[in-house]
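Novice: Sequence:
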Amino acid sequence: MGDRDIYEVKLGDEFLMSSYFVDGEVALADCGLRALSGDGLSVVVGGLGLGYTAAAVLEHDKVGELLVVEYLPPVIGWHQQEKVPLGKILNADQRCRYVQGDFFALSACEAGFDPDMPGRKLDAILLDIDHSPRALLNDASKPFYSEAGLTRLASHLVPGGVFGFWSNEPPDAPFTELLRRVFPSVEVHEVDFHNPFQDRMATNTVYVGML
Numbered sequence: 001m002g003d004r005d006i007y008e009v010k011l012g013d014e015f016l017m018s019s020y021f022v023d024g025e026v027a028l029a030d031c032g033l034r035a036l037s038g039d040g041l042s043v044v045v046g047g048l049g050l051g052y053t054a055a056a057v058l059e060h061d062k063v064g065e066l067l068v069v070e071y072l073p074p075v076i077g078w079h080q081q082e083k084v085p086l087g088k089i090l091n092a093d094q095r096c097r098y099v100q101g102d103f104f105a106l107s108a109c110e111a112g113f114d115p116d117m118p119g120r121k122l123d124a125i126l127l128d129i130d131h132s133p134r135a136l137l138n139d140a141s142k143p144f145y146s147e148a149g150l151t152r153l154a155s156h157l158v159p160g161g162v163f164g165f166w167s168n169e170p171p172d173a174p175f176t177e178l179l180r181r182v183f184p185s186v187e188v189h190e191v192d193f194h195n196p197f198q199d200r201m202a203t204n205t206v207y208v209g210m211l
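When we follow the working numbering, the leftmost residue of the sequence shown carries the number 1, and every step to the right adds one.
It is worth saying that the hints were derived from the structure and are not from the lab.
A few of these clues could be false.
Computed spacing ranges between beta-carbons, pair by pair [stated by the list, open to error]:
1. Glu65 with Pro159: 12 to 22 Å
2. Thr176 with Leu137: 13 to 23 Å
3. Leu211 with Glu169: 34 to 44 Å
4. Lys142 with Thr176: 29 to 39 Å
5. Arg180 with Asn91: 32 to 42 Å
6. Ser155 with Arg97: 15 to 25 Å
7. Lys88 with Thr151: 18 to 28 Å
8. Ala92 with Gly40: 13 to 23 Å
9. Asp39 with Asp116: 16 to 26 Å
10. Lys121 with Arg34: 16 to 26 Å
11. Gly38 with Arg180: 20 to 30 Å
12. Gln94 with Arg134: 16 to 26 Å
Pairs of lysine-lysine, DSSO-like flavour, derived with a Cα cap of 27 Å [said to hold, decoys possible]:
13. Lys142 with Lys121
14. Lys121 with Lys83
15. Lys62 with Lys121
C-beta atoms are modelled at their ideal positions from N, C-alpha and C, and glycine is treated no differently.
Whole structure, please, built from the sequences with the hints as guidance.
Specialist: Below, the structure written as structure tokens:
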């Protein structure tokens with residue numbers, strides 16, 4: 001729009017994200033990490049996209065290491081080759097490491113997310129892959145959105161660890177209740193912003209579950 005370059009990500013005919021509005025992606029990092037204290041925090045971001053959640057995580061000095069789990073090798077390649085604006089920022093930060101893999105399969109696996117340290121427990125896991133708990137990119141991720149699936153996810157967190165989840169939809173009461181069956185404390189943050197393509201206000205939701 002205007003003289004500004006806009007980057008968009010599509011998977012087939014599925015629209016995933018635009019660089020024009022990234023409020024929800026940034027809020028996922030900020031809301032998730034706000035719940036944590038201490039330094040040298042270990043963080044996983046599920047879904048690289050255009051890198052906005054990952055870059056927002058690295059804005060926090062208390063983060064010691066970031067693993068970005070991305071299923072599609074070309075998406076990692078865009079960043080490594082700096083074909084997208086935030087690639088240079090992520091590549092220059094020694095705290096950031098890309099992990100090519102299926103986030104949902106890794107979550108269900110005892111070895112977890114860090115191939116260099118199987119079974120590693122993390123301070124925060126932030127997820128931005130599916131559109132919402134109900135609008136999935138692939139039905140294969142459906143088992144994740146259950147009490148058993150989220151319990152397995154929580155097993156990869158340290159005591160006091162945080163799970164953050166981004167949704168493209170307003171707050172979902174059944175999903176909030178599901179989170180409360182796994183996490184002792186749950187916060188729901190609404191993120192409102194103007195969508196210029198539809199010329200209306202839109203709402204994303206960031207859910208934060210704390211052990």
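Novice: None of the hints should be skipped; say for each whether it holds.
Specialist: Evaluated hints:
1. Glu65 with Pro159: 12 to 22 Å: holds (18 Å)
2. Thr176 with Leu137: 13 to 23 Å: holds (21 Å)
3. Leu211 with Glu169: 34 to 44 Å: Violated: the Cβ-Cβ distance is about 25 Å, outside 34 to 44 Å.
4. Lys142 with Thr176: 29 to 39 Å: This hint is violated: roughly 18 Å between Cβ atoms.
5. Arg180 with Asn91: 32 to 42 Å: holds (39 Å)
6. Ser155 with Arg97: 15 to 25 Å: The hint (15 to 25 Å, Cβ to Cβ) holds, given that Ser155 and Arg97 are roughly 22 Å apart.
7. Lys88 with Thr151: 18 to 28 Å: Hint violated: Cβ distance 38 Å, outside 18 to 28 Å.
8. Ala92 with Gly40: 13 to 23 Å: The hint (13 to 23 Å, Cβ to Cβ) holds, given that Ala92 and Gly40 are roughly 20 Å apart.
9. Asp39 with Asp116: 16 to 26 Å: Because 21 Å falls inside the window, the suggested range holds.
10. Lys121 with Arg34: 16 to 26 Å: Holds, at about 20 Å.
11. Gly38 with Arg180: 20 to 30 Å: holds (25 Å)
12. Gln94 with Arg134: 16 to 26 Å: violated (38 Å)
13. Lys142 with Lys121: Roughly 24 Å separates the two Cα atoms, so the pair holds.
14. Lys121 with Lys83: Not OK: Lys121 and Lys83 at ~32 Å, beyond 27 Å, violated.
15. Lys62 with Lys121: holds (17 Å)
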